[in-house]
Amino acid sequence: MKKSEFIEELADTLEIEDAETLQEETDLTELEEYDSMARVALIALVDEHFGKELTPQNFKAITTVGSLINIIGEEQFD
Amino acid sequence: MGSTVKNISYYLPEEVVDNRSLEQEFTEWSAEKVEKKVGIRERHVVGEGETALDLALKSAELILRDYDKSRIDFILLCTQSPEYYLPSGACILQNRLGLSTGIGALDFNLGCSGYIYGLALSKSLISSGIASRILLVNAETYTSHIHPKDRGNRTIFGDGAAATIIEASDEEDIGEFVLGTDGSGYKNLIVPNGGMRSKYDPEAKEADDGSGSIRTANNLYMNGPEIFNFTIRTVPGLVLDILEKNQLSLDEIDRVICHQANKYMLNYLRKKMKIPEEKFYINLLKTGNTVSATIPIAIRDCLDVGIVKPGDKVLLAGFGVGYSWGGTVLRIE
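These protein sequence lines are chains A and B, in that order.
Quick note: the first sequence uses our numbering, first residue 1, plus one each step.
Quick note: the second sequence uses our numbering, first residue 79, plus one each step.
Among the clues, some could well be false.
Label pairs and their in silico Cβ distance ranges [what the hints assert, rightly or not]:
#, chain 1, residue 1, chain 2, residue 2, range
1, B, 101, A, 23, 28 to 36 angstroms
2, A, 17, B, 187, 42 to 50 angstroms
3, B, 384, A, 77, 43 to 51 angstroms
4, B, 94, A, 77, 41 to 49 angstroms
5, A, 77, B, 350, 42 to 50 angstroms
6, A, 56, B, 180, 44 to 52 angstroms
7, A, 49, B, 92, 19 to 27 angstroms
8, B, 180, A, 49, 56 to 64 angstroms
9, A, 50, B, 178, 57 to 65 angstroms
10, A, 9, B, 103, 32 to 40 angstroms
11, A, 29, B, 107, 19 to 27 angstroms
Pulled from the structure, derived: some chain A residues nowhere near chain B, Cβ distances all over 12 angstroms [unchecked claim]:
#, residue
12, 4
13, 15
14, 20
15, 26
Please keep in mind that the hints were generated in silico from the structure rather than gathered at the bench.
From a predicted model like this one, the values you see are computed outputs, not experimental measurements.
Even glycine gets a Cβ: it sits at the ideal position worked out from N, Cα and C.
Kindly produce the complete structure, drawing on both the sequences and the hints.
Below you can see the structure in the form of structure tokens.
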């Protein structure tokens, strides 16, 4: 999966209306959409595509989209 | 000696909280969006002074309308909203229902796995010859633990009680059980105050959890993301183990009924387990998550609309608070 595809799916998962506004630099924690249901959806997204569990420690470390990509692992992307 | 589920009835309290009324209480909250995601439109909640034991009594009265109550020789009551620390609610039920005094009665404290455990206990009591006609009641009022400003949990949970009669029979209709426990997750679904470890605190401070929900340590707390992680880790393996232990393939199962947690979670689990949509029951639209009562309510509804027919093999799986989980295969009589 390309990073750009992942960010597109992420925008879809978080139900961000204007998908193009979501960039690697975007701070997820500042988004109104990033509530507990969105975190649940994020867990599903990462489990489905990468088979990885997002732990509470991971969630503490997630700020920007880039930080999420880091947690998943750069090597997971094309 | 085999055992069989003879009948199931359920009772929901009269008061209904629908998404429209929640929308009026919580701004920036879309009823439509919530219904689409969690699959819940309304939930029944207990009124002032109404308890889980009241619901238990009503569900039991319903089922005993068509049953000679003098034949009941054991009561199992599953609840996490007990009437008192002591005595057991099951003892009060014996008296209120006018059942014989020569019977066994006990409460057990489990949530989302509580129906599976109730069936497992019933089957064991019957096969050991201790009892032969058991009244199992799953009664829950999580809403009485929930803070009025806790938007998330008020959306998900509803109250209700289900009564099941399990009887001795020549054939075994209740299959093999798989049970599991992992207490390391106990803090992720908990009412922190009110027990002996940390007593109810009238001065407990309200705190916002950052998702627009407010609660105190006297209230129900659920770490939704962590509970979801637990189910992803546990439920697919649980379903495989149930099939293996019962020497069945998924093709031989007519219907899968999981604990009705919420639609989003169930749909994800279904896809992950590759269970065909038409085999997988989801219905929380009018009840919400009623904890240990969701599975018997679902079976009753499936029978009433003919989704499940006599002779069908139904795989049941319950999982949640504890963490505790379990499952079996039920042959419908």
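Taking the hints in turn, this is what the structure says about them:
1. B:101 to A:23: 28 to 36 angstroms: holds, 32 angstroms
2. A:17 to B:187: 42 to 50 angstroms: holds, 45 angstroms
3. B:384 to A:77: 43 to 51 angstroms: holds, 49 angstroms
4. B:94 to A:77: 41 to 49 angstroms: holds, 48 angstroms
5. A:77 to B:350: 42 to 50 angstroms: Violated - the Cβ-Cβ distance for residue 77 of chain A and residue 350 of chain B, about 22 angstroms, lies outside 42 to 50 angstroms.
6. A:56 to B:180: 44 to 52 angstroms: Given a distance of about 51 angstroms, which is inside 44 to 52 angstroms, the answer is holds.
7. A:49 to B:92: 19 to 27 angstroms: Violated: the Cβ-Cβ distance is about 45 angstroms, outside 19 to 27 angstroms.
8. B:180 to A:49: 56 to 64 angstroms: Taking Cβ atoms as reference, residue 180 of chain B and residue 49 of chain A lie about 60 angstroms apart, which means the hint holds.
9. A:50 to B:178: 57 to 65 angstroms: Cβ of residue 50 of chain A to Cβ of residue 178 of chain B: about 58 angstroms, so the range 57 to 65 angstroms holds.
10. A:9 to B:103: 32 to 40 angstroms: holds, 33 angstroms
11. A:29 to B:107: 19 to 27 angstroms: holds, 20 angstroms
12. 4: holds, 24 angstroms
13. 15: Contrary to the label, residue 15 of chain A does not stay out of reach of chain B, its closest Cβ about 8 angstroms off (not over 12 angstroms).
14. 20: holds, 22 angstroms
15. 26: Given that every Cβ of chain B is farther than 12 angstroms from that of residue 26 of chain A, nearest at about 18 angstroms, it holds.
Hint compliance for this structure: hints 5, 7 and 13 are broken, all remaining hints hold.
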